[in-house]
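Trainee: Residues per chain, in single letters:
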Amino acid sequence: MTEREDVLVQIEDLRAYFYTDDGIVRAVDGVHLEIKAGKILGIIGETGCGKTVLALSLMRLIPPPGRIIHGNIFYYRENGKKIDLAELPPKGIIMREIRGKHISMIFQEPMVSLNPVYTIGEQIIENIVTHQKMAWKDAKMLAIRMLEQVGIPEPAKRIDDYPHQLSGGMRQRAMIAMALVCNPKLLIADEPTTALDVTVQAQVLELLKDLQQKMGMAVIIITHNLGVVAEIADYVGVMYLGRIMEHTSVCDLFSNPLHPYTQALLKSMPCLTAQAGCRRKLEIIKGDIPDPYAKIEGCLFASRCSHFQDACREDPPLIEVESGHQVRCWLYK
Amino acid sequence: MATESLILEVQNLKKYFPMARGFFRKTVGYVKAVDGASFFIREGETLGLVGESGCGKTTLGRCILRLIEPTEGEVWFQRSNGEKIELTKLHPEALKNLRREIRMIFQDPYASLDPRLTVMEIVGEPMKIHGMAKGRELEDRVKRLLEVVGLKAQHMRRYPYEFSGGQRQRIGIARALASDPRLIIADEPVSALDVSVQAQVLNLLEELQEELHLTYLFISHDLSVVQHVSDRVAVMYLGKIVELGNATTVYYAAPKHPYTEALLSAIPQADPQRKLKRILLKGDVPSPIQSPPGCKFHPRCRYADTLCSQEEPTLKDVGDHHYVACHYAEQLHLEGVELYD
Amino acid sequence: MGGVIIVVLLILSIFAPFFSPHDYLEYSPDKSYRPPQKIRFVDAQGKFHWRPFVYDMKLDIDPMTYSRIYVEDTSKILSIRFFVRGWEYKIFGLRSNLHFFGVEEGSIHLLGTDRYGRDLLGRILLGGRISLTIAFFGAAVTVILGSIMGTVSGYYGGIVDMLVQRTIEVLQSFPQLPLWMALSASVPRTWTSLQVFISMMVIFSFLNWPTLAREVRGKILSLREQDFIAAIKEMGGSDSRVIFRHLLPNCLSHVIVVLTISIPELILMESVLSFLGLGIQPPMVSWGVLLQGAQRIEVIGLYPWVMAPCAFIVLAVLGFNFLGDGLRDAADPYSVKKS
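Protein chains in written order, with our numbering: chain A, 1349 to 1681; chain B, -7 to 333; chain C, 193 to 531.
Rather than coming from a laboratory, the hints here were simulated on the basis of the structure. Incorrect hints may have been included.
To be verified - Selected chain B positions facing chain A (in silico; Cβ < 7 Å):
{"no.": "1", "residue": "Glu37"}
{"no.": "2", "residue": "Ser216"}
{"no.": "3", "residue": "Pro260"}
{"no.": "4", "residue": "Gln261"}
Claimed, not checked - With the Cβ distance kept under 7 Å, some of the chain B side facing chain C (calculated, not the full set):
{"no.": "5", "residue": "Ile60"}
{"no.": "6", "residue": "Glu61"}
{"no.": "7", "residue": "Thr63"}
{"no.": "8", "residue": "Arg91"}
{"no.": "9", "residue": "Leu200"}
Glycine included, each C-beta is placed from N, C-alpha and C at the ideal position.
Next comes chain A alone, as it looks inside the complex (with noise of 0.2 Å):
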């Protein structure tokens, strides 16, 4: 029980299927994950490589034909006793608890997510009245009190305000807003800040860090930026076809990349750190990301690795190189 304290969440062997009619999507395949209270994890992953499925699946809210087949969640209480999640029914009333006063999530489009009829003051008081015992008037109080954190002007005119009358950026404050009335113990970002300016976006992620310190919530923050990551997570999950192929300190994943995804990634984008002047040519992960229906035998990454070698064609098991580095390779067994 001691080195489980600070685990808040553990995932073992998730896996979340979509029974399509085109076949199988392996969305989520056997992912091994611990979130860390109060911690930033980030999860990087290209298009369709089910981090966001991932994300949606400890919030059990996998839209249909997806659905969760095998695999454990357990979410650590405050009074010490773990539930799994994986077993709940989705609509159940523990999980109607669970999301919202213990685990909140904020999507990518904040226009999408939010009611376009409702003004953006009705729906965070809903939702702590869903939550909390509290009148409406408490609650209304704590809405501006929570819109004046997430650094928007004037919380009680704009409490008033409809979502289109906000900007990106606004809405996207008004959206952890939401998120964090509750005070959860843990906070999903899926991609807040890629619909941003790059302006706006160093704006929201510097109030998910004050926040995140303030408040103490563990946070999980799902991106495809490895810059977003390097600025605010604590350590990493890479994830691919739906498999967390390394994970570790975010210190570690920049200084010390040991899988060959995770090295071709970091190699594959410009960035700015590169000598000025003399153009480098940027390294290439060759092909395209496989067919999500194919089910591939051996290790997922071997059909685009430049270190293939026949161990490959056996799935490597996630491998402890040293202490919190975890990497799914042969190269390190």
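Got chain A; can you put chains B and C on it based on the hints?
Mentor: Frame of chain A; chains B and C shown alone:
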């Protein structure tokens, strides 16, 4: 300026979209998408055009090609024989002819290819329109083009939906190359792609430039990508170019406009050990309908004073072909991205 | 599935005389309102016959109500034979007297007869010719007019768009049924039934195109803003190239949807008007005209088989809807399975 060969020169280009209201569609105001932009591109170079969303960079790109008719301003294009032509007032027939030489690559690889045509038809279309080839010859040229952009020739009978985003963008590039252009306007060509695929496309664009002596106007909101591909950079804010200069100078040595400085400091660094001094800009980009008087950046600028709120600075040369639109360009000492080995 | 129904209906209507054993124009007052004869294989004695047969009908008087009823005459077995010679007809200028089926003596009315003793099956098949022709012609004009107006309006916008849209609004703001009735009523009574028929087709298509034009315009408006259209202009493509090579083909699935809704609509429209006596005029026959015979509730109560044309209308409407679904899937480039 006159000694170099300028393939494109844009002078004071403006595009105002009227806003109409009510039953009689009365014009109640204008969206000043592009509001007096001036810059030039040298033959054979890549000019990166950066700016945040809504700054008018896409409109600017399309105005040059007259996909959107500009409201005002001049666009001079130099043909291969050295003759200079003004595009904004050109007759449609003459313009069609020029469209062989200036081509465009679009952002969204899904929306920019007609879903009902095969790859062969898509890539061959410019050649058909300009009567460059037909029949067998057309087919051969399409095959060659597909190979040039790294696709297989036997893919030419397939439809766009059978390809991934990166492959579709390659088809788009092949289509742009089909009419032997000299200038390519690439409007966010990699923003819809994943990092690993983005690198493939960027490399392809660079190789093509070397092989075919192309000139690029590379429009993007991603500063790192622009830095990677560009020789020179133009920074756009609310419809205007605020800084134009050598990529290295603007990024590293000495950005001269406070907006550029803030923009650069906001880039998330892919290195957790280096935490930059971040200049957080206040607020959001103002709406292009009611832009602030004076310097458009002054409400968000930390160096602004009364002069900035009254008088609009013009783009002027601060030496070595580095143009800045700021009253205090020469006084301010701004920091770019720090260089590490 | 839908296609099969439609093709069968079309063949039946085109070769109506071939499929009807009796002359549908022949009056025989002694056979007025004769009920359908059942096709049988087993006779009254329980004997099995390989060749299907019907019993002849004879007229009788109901002893209770003294009304005329038909009873099966079990002593007369009329074997059904295929490809028999019967009454003479002309089809595409060819004279023939060959029929798909028939009986050698007596008469066979599988769907009964109408008030004048005419074979209902034959009349329905003949009526199908008119009803389907109107529907197809109307649909063709709808497609042509609707696509052109919709495209012009959506692509060029401005004043043209304004004019077309206002016209459509005016046309659509009339209450539908009275408008049809007014237009149909304005057709002079003195015209021959052929002239009436043609004017009906014109009226139907005239009233039907706005729906399609709206649909096409909406689609064009959204397609026009897509990058691939910008790409064609960027490479120097002309307006006609943009419209005919790129915009219209991409509207195809929409056109098909509207088309498959509008053909059955036209069939129904024609039936309604003819049923009310405003559309096709006898002696021309359409499904609506046939249903005119079923206007009175007593008639339906006593002789329910006069409703048979309804079944054909339902079949045709459903058939077109199924066909439409199939065609739309076939026209949609995204629905093709990856190989």
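Trainee: Hints the structure violates: just list their numbers, smallest first.
Mentor: 1, 5, 6, 7 and 9
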